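Colleague: Listed below are the residues making up each chain.
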Amino acid sequence: MTVMLYATTAATLFALGLYAVLVRTGLIHRLLAANVMATAVFLFLILVSAENPEGVDAIPQAMVLTGIVIAVSLTAFALALLRYLQAADDEEDQTGSQDGRQNGPD
Amino acid sequence: MIEPGFLLDLLLCLGLLGIAGSAVLSRGQFRATVLFMVFGLLMALTWARLQAPDLALAEAAIGAGLTGALLLNACKATYTRRQAGEAASQDDAPGTVFRLVAAGLSILLAAGLAWLMYSLTVADGPAAAMARSEGESHFLGNPVTVVLLDFRAYDTLLEMAVLLLALIGVHILIRHYRLPDLHPPAPVSPPMLTPLLTVATPLMLMAGLYLFWAGSQSPGGAFQSGALLAALGVLYRLTGRLVPTGTASPGLRLILVIGLALFSLFACAALIWSSAPLQYPETAAYSLVLLIEFALTLSIAATLLMLFSGSLGLARGQTS
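Those sequence lines, one after another, are chains B and E. Numbering follows the UniProt record's numbering, in which position 40 of the first sequence is assigned residue number 40; successive positions increment by one, without gaps. Numbering follows the UniProt record's numbering, in which position 45 of the second sequence is assigned residue number 45; successive positions increment by one, without gaps.
A portion of the hints provided could be inaccurate.
What the hints assert, rightly or not - Computed footprint of chain B on chain E; a stretch qualifies when at least three of its residues, placed anywhere within it, have a C-beta under 8 Å from a C-beta of chain B:
hint, segment
1, 73–79
2, 256–263
As the list claims (entries may be wrong) - Some but not every residue of chain B turned toward chain E, in silico, with C-beta under 10 Å:
hint, residue
3, Tyr19
4, Val48
5, Leu65
6, Leu74
7, Phe77
In short, the hints are calculated from the structure, not lab data. Everything numeric in this text was worked out from a predicted model, so none of it was measured. We put the beta carbon where it would ideally sit given N, CA and C, even for glycine.
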């Protein structure tokens, strides 16, 4: 019963993340949604580990621990990229508006 | 009659779904960030329920803590940008048809995945059986640490490489285009700040080092400990005790690479006493593990702190 509960949660979280990645246009929200998808995969792996009849399996746990650290480093890199993307956009806007002023009638 | 344990599981699952849904579908960036941090905390509880205390510790420190700090950083960047007079970029939302199609496909996917998961039977594979039988007589008591530092040490080695690579990527961006510092020192420091830090520093240091020390025998380890020490660094960075600099000092560079360097060195050196890399020697294996894990802890803490700081280097600031 508990297994089915967590399995349903993992499946729904994954689909929810995918839906948000598809329909959200804000990049931060997309990043969060991708993180939710990753968490759903982790949840499934740990569920498999916890439901092992022989006892808790340490290998998936170690894999997920590695995964969490990789996810945070990727999130950090993506957020840095995002900030620089915004800065580049701003710069483009400014030069664009200056050009417009120069070309317009005085 | 419903068992209390199942009721807790049910509440956790409903909470996870509700919080995740409102986080990714919410309007504002700040709102989404805070909800995502709550999601991380609920996830930590879920790991504890699923008999994974190592993960619960890591998720609480990394997933809910440091990711949250990084996301709040991004919120602040957007906020300062809007204040500077930049118009908030209005992205054009996709049409209703697209939304409906995406929702339909996602529901189908969820149903398919759930069906697959129900029909899965779990049993020990050859790797799990080996890990179980070998792990019982292993000199490290924590099965997760055994896998991380011995059986699948490759993964940990490459993970350190990924962590360093992410930092190098951020540093390339910083070198390419310098943005204003997100956390300029406040003109007036609140009076309770110094007492708070005086209390928090030894507590966090002790908890972090304890997690490192306990990691070989019980839940804990380099990642949890590194994340906690990085959080202490974030506190110092936010309060102006650490200020960003344009170049990384040699000491900082050393700390950033020492985990990966020492681990790689050990991988090569292992070929002297055995036929495979990353094999521990018969004698002094435990001290070697402690040494490597301590180096990993330092590197992880420094890397996470530098990822948060968004600067090439850090220096001691003036404490008024």
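Colleague: Compare the structure with each hint and give your call.
Modeller: Comparing the hints with the structure gives:
Chain B is given as covering the segment 73–79 of chain E, and this holds because 4 residues of the stretch bring a CB closer than 8 Å to a CB of that chain, at least three being needed. Here's how the segment 256–263 of chain E fares: 0 of its residues keep a CB closer than 8 Å to some CB of chain B, so the rule of at least three is not met and the hint is violated. Given the 10 Å rule on beta carbons, the hint for Tyr19 (chain B) holds: about 4 Å separates it from the nearest Cβ of chain E. With 10 Å as the threshold, the beta carbon of Val48 (chain B) comes within range of chain E, its nearest partner Cβ sitting at about 5 Å, so the hint holds.
Interface restraint check: Leu65 (chain B) against chain E, minimum CB-CB distance 6 Å, threshold 10 Å, status holds. This hint holds: Leu74 (chain B) has a C-beta 7 Å from the nearest C-beta of chain E, less than the 10 Å allowed. Checking Phe77 (chain B) against chain E by beta carbon gives a least distance of about 4 Å; that is within 10 Å, so the hint holds.
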